[in-house]
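Line order of the protein sequences matches chains H and A. Sequential numbering from 1 applies to the first sequence in our numbering. Sequential numbering from 1 applies to the second sequence in our numbering.
A portion of the hints provided could be inaccurate.
Which copy? The list can't say, so a pair holds if one copy fits it or any two copies do.
As the list claims (entries may be wrong) - Only pairs whose alpha carbons sit at most 25 Å apart, straight line, appear in this in silico PhoX-like list of lysine-lysine:
1) Lys119 with Lys165
2) Lys43 with Lys69
3) Lys119 with Lys131
4) Lys131 with Lys65
5) Lys131 with Lys69
6) Lys147 with Lys131
Hints were generated in silico from the structure; no laboratory data involved.
The lines below spell out each chain.
2 protein chains.
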Amino acid sequence: MSENKPIILKIGGSVITDKEGDLAAKTEVINRLAEEVAKANVKNLIVVHGGGSFGHPTAERHGIKDGFKQDGQRIGFAETHHVMTVLNGLVMDAFVWHEIPAVSVTPSSCVITENGRIKQFEDAALRMLMKMQFTPVLYGDTTVDEKLGFTVLSGDQIVTYLALKFNASKIIMGVDTDGLYNADPKTDKNAKLYQRLTLKELFDIKGKFAKPTATDVTGGMFGKVNELLPAVEKGIPVSIVNGCKPNYIYCALTGEKVEGTILEK
Amino acid sequence: MSENKPIILKIGGSVITDKEGDLAAKTEVINRLAEEVAKANVKNLIVVHGGGSFGHPTAERHGIKDGFKQDGQRIGFAETHHVMTVLNGLVMDAFVWHEIPAVSVTPSSCVITENGRIKQFEDAALRMLMKMQFTPVLYGDTTVDEKLGFTVLSGDQIVTYLALKFNASKIIMGVDTDGLYNADPKTDKNAKLYQRLTLKELFDIKGKFAKPTATDVTGGMFGKVNELLPAVEKGIPVSIVNGCKPNYIYCALTGEKVEGTILEK
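Chain H on its own, in the form it takes in the complex (with noise of 0.2 Å):
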């Protein structure tokens, strides 16, 4: 049955688009994602991207995230969705290009938020396609809420929502950096790779990133951590692997040694 558990793999928006920019898609890194992912060959695999430099700043720009104040931000939601599916359909076209047999999900068409929590999450056409081995691709996306009236969901909330649900063998994060590192590596040379955390490390962690001054310190990777906790608690390893880097999100699905950091119980 082990053999049943998905890989979920999320590739971040860090990774497959340039943040500086406004819908600024990496295509030669998507390209060469698609080819790790094919010639990985994983079965039950799973994969949720990010918004990046398309998601983010459209969805701030319409105030989406803070829900439904004023008509004219219908538009806003309706421009912030369609601007995830155009980089979802660049991911798509190289999965499909290098014939991995991707479906694309669209999170919006089946999840209903509760002040920007998943509530409801209909999954019956995802569940027939992992069954017929299909690899679902999801994403970070608007979706309706039923307090807000409609907000953004993000990618890794959708990570741990199914890593729980279909109970993964175990989570890959692609991200822009080698992991998680004691304090910032792109202004402390001294700055140390975290090669395995357990989750009571975590937790002491943390409490010590969570000071205000130095929320920038980790690149906000501790809001993606905060979001994999519960997956952390039940079990679930997560790899946190710089995508960045050629092979390394091909290492961490085949599970070859790479480097990064392993978040484990």
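With the hints as your guide, set chain A onto chain H.
For chain A alone, kept in the frame of chain H given last:
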């Protein structure tokens, strides 16, 4: 309450793509239709579009409609769904550009069929999008199928399904002819356009055109009519208008008089 009954607009694949080509979108037509939909400014509108030269040739090449028979078809299913999302992306691009609060709802993410007929339509998100006054846009798509493994779901079937489920006030079918004729207008100069057909008249004509030699006469229109019959029977009028002619769909949306065929109980 009647204001809450949606109008369902079907935009035929033959209107927005060149059916002779391969993945050949008529972007200028898509743009004009977006302009017409924006100008008509109908509340409670649901749009469904067909696959034209995107979905059909790809599905055909991989035998998707007939269901899963061998592993190699998986990539064909993935490709067919992908090209449909590409066509949908072009439609959404034009709609959002024209400030229509349009949100794509991906059929394969929320529909399961059985022998090609809709068995389960998980519509919680769709319903909330309608309640929030968005314009949902669906399309002919691949679906997972409880009997066939997978298949193709036509936009026409989606139209009737939604019309019955949400008790539509009317259905507008934008096609590439002026309506239903008593002969093929392309070859018979005396072909006469039906302006209005009752259910009884439709059944009479259907019998006449059901003869194998005559199936081409209507350009496949009678398959479409067949799919729509349950809606007409329920009392939902259907306007068949030429979406290739400027302002026809606009007039149909706003209730202005326009050439075409009306089907009614």
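Going through the hints against the structure:
{"no.": "1", "hint": "Lys119 with Lys165", "verdict": "both (13 Å within a copy, 24 Å between copies)"}
{"no.": "2", "hint": "Lys43 with Lys69", "verdict": "between (43 Å within a copy, 19 Å between copies)"}
{"no.": "3", "hint": "Lys119 with Lys131", "verdict": "both (24 Å within a copy, 18 Å between copies)"}
{"no.": "4", "hint": "Lys131 with Lys65", "verdict": "between (33 Å within a copy, 19 Å between copies)"}
{"no.": "5", "hint": "Lys131 with Lys69", "verdict": "between (41 Å within a copy, 15 Å between copies)"}
{"no.": "6", "hint": "Lys147 with Lys131", "verdict": "between (33 Å within a copy, 13 Å between copies)"}
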